[in-house]
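Student: Here is what each chain is made of, one letter per residue.
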Amino acid sequence: MSAKTTIDKTQVALLIATAAFAAAGVIAPYWLCFLTMLALAKALVVQGVVIQMRLGLVSFGQGLFFGIGGYAVGIASNFWGISDAFVLLALALAAAVAVAAVLGLLMARYRDIFFAMLSLALSMILFGVLVKSQGLGSTDGFNVPAQSYLGWVPAPGQQKLVAYVLTIAVVGTVALLLCRYLGSGAGQIAEAVRENEIRVEYLGLSPRWLIYASYVMAAGVAALGGALTAFATGHVDPEMAYWATSGEFVFIALLGGTAHVAAPFLASILFSVVRTYAFEYTPHTWQLILGLVLLAIIVFLPKGLWSLVQREGKVRA
Amino acid sequence: MNTILETRALCRTFGAVIAANSLDVRIEQSEVVGVIGSNGAGKTTFINMVTGYLSPSSGEILFEGRSILGHAPRRITRMGMARSFQVAQLFPELTVLDNLVCALIGAEGAHPSFLKPARSPARIAACDAILAEFGVEHLRDDPVRAVPQGARKLIDIAMAMVGRPRMLLLDEPTSGVSVEEKFALMDTVMAAVRRHGVTVLFVEHDMEIVERYVSRILAFYSGKIIADGPPAAVMADERVRELVIGHHTRPAGSRRRSAQP
Amino acid sequence: MKTTTKTLGSALALAATVALTSGASAADEAKFRLGLVTFLSGAAAGPFGVPAANGAKVLIEALNDGQVPAPYTAKGINGVEIEPVIIDEAGGTTKQVEEYRNLVERQKVDAVIGYISSGDCLAVSPVVEELKVPTVFFDCGTSRLFEENKTPTYLFRTGPDAVIDNIAAARYLIDTGRKTDSIAGINQNYAWGQDSWADFKATMLALKPGTKVVAEQFPKIFQGQYGAEISAISVARPDVVHSSFWGGDMEALVLQGTARGLFDGRTGILTTGESGLDRFKAQAPNGLILGARGPFGALQPDTALSKWFTALYNAKTGLQPTYPTSKMAQAILGLKAAAEKAGAKPGSLPSKEALVGAFPGLTFESVAGTVAMSRAGGHQALQDITYGEYQYDKKADKASLAKLKTYAGDCVMPPDGISSADWIKAGFPGAKCN
Amino acid sequence: MTTAIAIGMDGLIYASWLFLVAAGLTVIYGVMRILNMAHGSFYAIGASAGAALVTWYFANVDGNAYWSFLLLPAAAVVAGVILGLAVEQGLLRFLYRQNEILMVIVTYALLLILEDLTKLVFGVDPYFAYQPYGLLGRCEIAGLIFSNYDLMLVAVSATIASGAWFILNRTVTGKLLRAVVHDREIAMAMGVNVSAMFAATFVVGATLGALAGALTAPAISVSPGIGVEVIILAFAVVVVGGLGSIEGAIVGSLMVGLSRAAAVHLAPEIELFVIYGVMALVLAVRPQGLFGRAAARKI
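Chains as they are written, first to last, in the numbering used here: chain U, 1 to 317; chain D, 318 to 578; chain V, 579 to 1012; chain A, 1013 to 1311.
Fair warning: there could be bad hints in the mix.
Example chain V residues on the side facing chain A (calculated, C-beta under 7 Å, incomplete) [stated by the list, open to error]:
(1) Gly620
(2) Asn632
(3) Asp643
(4) Val792
(5) Gly805
(6) Ala810
(7) Leu833
(8) Gln834
(9) Trp886
(10) Ala889
In silico lysine to aspartate or glutamate, EDC-like type, Cα no more than 16 Å apart, as pairs [as the list claims (entries may be wrong)]:
(11) U:Lys160 <-> V:Glu707
(12) V:Lys686 <-> U:Asp8
(13) U:Lys132 <-> A:Glu1281
(14) V:Lys686 <-> V:Glu708
(15) D:Lys433 <-> U:Glu280
(16) U:Lys303 <-> D:Glu410
(17) U:Lys160 <-> V:Glu794
(18) U:Lys132 <-> V:Glu683
(19) V:Lys798 <-> A:Glu1281
(20) U:Lys160 <-> V:Glu918
(21) V:Lys859 <-> V:Asp880
(22) V:Lys798 <-> A:Glu1259
(23) V:Lys930 <-> V:Glu918
Distance ranges between label pairs, derived from CB positions [to be verified]:
(24) U:Val153 <-> V:Thr941: 39 to 45 Å
(25) A:Gly1155 <-> U:Gly81: 38 to 44 Å
(26) U:Ala296 <-> D:Arg529: 32 to 38 Å
(27) U:Leu308 <-> A:Ala1279: 43 to 49 Å
(28) U:Thr173 <-> D:Val496: 55 to 61 Å
(29) V:Ala986 <-> U:Leu106: 38 to 44 Å
Because the hints were derived from the structure by calculation, they are not lab data.
Heads up, the beta-carbon is just placed ideally off N, CA and C, and yes, glycines get one too.
For reference, chain U alone in the conformation it holds in the complex:
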């Protein structure tokens, strides 16, 4: 099969999956929808981590944009009285992109561990600012009221399903765009940058420009994830920008691997399920379980869970 049809089929599969997930919202119990919503919103942030990982950069501060997205929604709906979900999503996106457009100028100069550490420092500065902001509830954060949709306010009973469908729609759209990106020229060059930055430069391209663009893009999807999380939980707090939250995103990114656009979604849902059951069955040692799972993945599946899917595919082909 040729490269072109591969991409098209993946996109079709994504569309089918989006529709299936949306339909599942009607029949599945709500706690599962809620878990899926949070997992998918989180997966968007993870997509941001993966975008940068494909360039060979690991951000330990993606919580910065997750937090910006969440707080943009929180502040706009609580203090400015904006309740339209689409406007809020746009605001979250705009806020993160604006911040990333400035910080990216600095970040694009860094590589390896220094990129990781500087991104961590920047997210911790936001954490510090939020903790200091008593008007925003400090560490307790604040609650986010329910959304409206282009002037339509769903009845209280419908609110949850609508939020679920919105999440699926946003995630599906982003997944399609990312899928296009991964197969695009820029997506291909991103991998080249990871492999050999100097060569990319000598092909007449600017690795730094691509890193900058990816940083901004990653910030945008992370902010959408933050906004959707705020919609789902109805609460934002500074923990969103804390380094351990960012660490979790990296964790999930590695769990899935960078090979396919669906990998972070799969990994995120799996992570949520594993953690939920670890919480339930081993409330005292769930960290131990997570740590062992992570180690096992790194040692036995260094390219993430997706390599299982690929291996299976190859055997059949």
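Chain U is fixed; fit chains D, V and A onto it per the hints.
Tutor: Same frame as chain U, but now just chains D, V and A:
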């Protein structure tokens, strides 16, 4: 004849070491120039400066009459001067085809599209043609890390040629290549170069190669050019025999320790 | 690419399987499934979460065996055995909202007791009303809870609002005649610490206008090292040093502060200091004022129920109950009292609506005296609060609290309809102090 | 004036503590290129082991109280050696070919595991092993009272710093280590036993982490979760100073320590940002940290 590359009083020091000492070089269009010199004579430094990787301490560099001093390598590449590397600089985890696709994307524009597919049928056809031209089409779908050394050098040069440069700088094209493969490799490269009318400057340790392919030799010693002229004349030069050729104790085809992982 | 479709398909299948299997674990009709949420990992686990969980375990066992003294002699809750489902409170608010939904919708609990972190309480509170399951917050103290959630139905808090800690602290200082011309605070840099200091400072300024605030330090939570803060406060020479530090941070501050003379010639007041009572030994100065966020732990009133619980807890764990233990026990007893008042016939569960109908305005006997659910429309407990002075007898190696002073809830807790900040500023209108 | 002296003293004391915490981290990174997230766990385990031993000693042995000064480092060394060997031999040595970032994640997983294991071994009740802290008494400097134990830590820290510097720069072992740092493969080809070197380095680093914890234990209340809190601090210090450099760790601790002390005294409201601010500022100006060497890539 038109001068394609010119350097004026090009100097570069690394601490106390003078790697380039007032180099004045003129390369004319369609020439094939060989650069010889012992290790540390300043050959790679010269290429690195000309292609923008290193900035000179002083001096001027003109490409097709325009100053390229202070330009980034990508800008110089876009202007039409490409290079290959002593240790092939490739994307090891990508397939050979994808390596060339990357090169082609770079050749097509400075800002690749975020939505249009990288592997368009047109690009693949173009890359296949180049692979065939360089005789590595059989490796098309292998990841580069699994490709033998000689083929890597060819792919490295093929990638430089994708952008249809007017000038090509080759840094030791046959280093790391076995004795048997050397001439075949150079024949392939030089055929492609001639077909596209590219001016070539290459650094080489192997005097046999140099004598066979070049129209002119620059001999470097300690950051200076000590001889410049047709191969026969330079090879006969007393100082060149003493300071450059005499140093060539390294057996041909020996593998250098790679600076790359 | 077939594999993509297949994988996404299997993800859905996985989700569906999870959904189905969980259906099987639905509530057993014969038991009262009680969700318990408290910190089992992280820094709050040691001082709060685990003592609270242990308290719950000990009390639930005794309730199920029908061994609790009057008025709680009925087995379990209304004759129905309690089945606890315990969940770690760690992981942040997002995680906790998710876990709360899991408890209710997947584990099908009949009620939830939990939450130490105020952030978790605030985040969970709207979900409580949405899912309509009786939920009791046992420890978190934020005043914002019922200020923001004005018409609660299913949500209750059986522990006092944190504002009383600091109003009572200020009153105690003044009532016991301490020198309070200048005050300084060292509080953790997060909502709890910031709010505690704001309440304390406002009360001091309201009760004694002209009090000077000479230093306000907000070190990071769990910092552990307070050298620079101690110096900075020492340089400012305040008469009073206030701190709402808790757990390990509080003990470290006492240890380092005492060694460095922070409390020499001035009064220290620790709103949660009681949890270190048996551990300070000679490391805390005599005269240090300690609170327990209510009449809990060592400050418990001497009732039959409290003596029984202390003895039981001590026998089972070898430890004295500290305030998180007492507050957890109080929450369980409150829920039991409400459920039994709801009028279901013994041996059966009251409906959730009957339970939440019986809770508001309820007065019940706890391990820490009598509690009246009389604020926030009957959803917030009103309770006394006690402060005392640390006294360590070196020879007997025994620490105790002296000069106990108890403030009635009506004295230190704002009435409904006014925020605590406004109440303090207005000079405590309607406060009934003796 | 008092404030200036207080800032100097507080900054120095805090800096010595930071150095103790960061030293092991930077040693391990310097030689092995592993940025060890689990360093916080080593700290926590050292603290728990030290505190548990001291608590046991005072409860059960009627000996001289000053013995506790030996018990603390002893507990740390035992904990550090066991833990270091177990982690290095049992896990890390299989992963040395992985890249730096992946190793960060591996050690993050270790951190999660060790957090729970610590809880299982030492329980969740805080240890309050205060006895050694008061033994040395206190002294007065410019009207401020300081604990002699804290001042002793300054001395310990200075000793470790100069010891480490001496070993790295003036001994054969140090030269071999630097050879390994410079080029692992060449060192191996020259007959240096790199895997033994790595194991030894990791054990030393882990022991330093445990020692930092054990020596801090008497001044704090040791409870689960203290490890996580120190990692980021230690990261900040070594990143400011330059990853892998002992000199860098010294200067980094002093910079972070003094600027934090200055903030606490002069502008308490910005205290929370100081550490990350210093870190971001230094990285913005010198990406490789103050003493770090920028890796030049040869082509």
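Student: If a hint holds in the structure, say so; if it does not, say that too.
Tutor: Hints, one by one, checked against the model:
no.: 1; hint: Gly620; result: 5 Å, holds
no.: 2; hint: Asn632; result: 10 Å, violated
no.: 3; hint: Asp643; result: 26 Å, violated
no.: 4; hint: Val792; result: 12 Å, violated
no.: 5; hint: Gly805; result: 5 Å, holds
no.: 6; hint: Ala810; result: 5 Å, holds
no.: 7; hint: Leu833; result: 5 Å, holds
no.: 8; hint: Gln834; result: 6 Å, holds
no.: 9; hint: Trp886; result: 24 Å, violated
no.: 10; hint: Ala889; result: 20 Å, violated
no.: 11; hint: U:Lys160 <-> V:Glu707; result: 14 Å, holds
no.: 12; hint: V:Lys686 <-> U:Asp8; result: 43 Å, violated
no.: 13; hint: U:Lys132 <-> A:Glu1281; result: 8 Å, holds
no.: 14; hint: V:Lys686 <-> V:Glu708; result: 15 Å, holds
no.: 15; hint: D:Lys433 <-> U:Glu280; result: 46 Å, violated
no.: 16; hint: U:Lys303 <-> D:Glu410; result: 13 Å, holds
no.: 17; hint: U:Lys160 <-> V:Glu794; result: 44 Å, violated
no.: 18; hint: U:Lys132 <-> V:Glu683; result: 36 Å, violated
no.: 19; hint: V:Lys798 <-> A:Glu1281; result: 11 Å, holds
no.: 20; hint: U:Lys160 <-> V:Glu918; result: 34 Å, violated
no.: 21; hint: V:Lys859 <-> V:Asp880; result: 24 Å, violated
no.: 22; hint: V:Lys798 <-> A:Glu1259; result: 27 Å, violated
no.: 23; hint: V:Lys930 <-> V:Glu918; result: 12 Å, holds
no.: 24; hint: U:Val153 <-> V:Thr941: 39 to 45 Å; result: 41 Å, holds
no.: 25; hint: A:Gly1155 <-> U:Gly81: 38 to 44 Å; result: 55 Å, violated
no.: 26; hint: U:Ala296 <-> D:Arg529: 32 to 38 Å; result: 57 Å, violated
no.: 27; hint: U:Leu308 <-> A:Ala1279: 43 to 49 Å; result: 54 Å, violated
no.: 28; hint: U:Thr173 <-> D:Val496: 55 to 61 Å; result: 58 Å, holds
no.: 29; hint: V:Ala986 <-> U:Leu106: 38 to 44 Å; result: 58 Å, violated
Taken one by one, the earlier hints fail for this structure at numbers 2, 3, 4, 9, 10, 12, 15, 17, 18, 20, 21, 22, 25, 26, 27 and 29, listed in ascending order.
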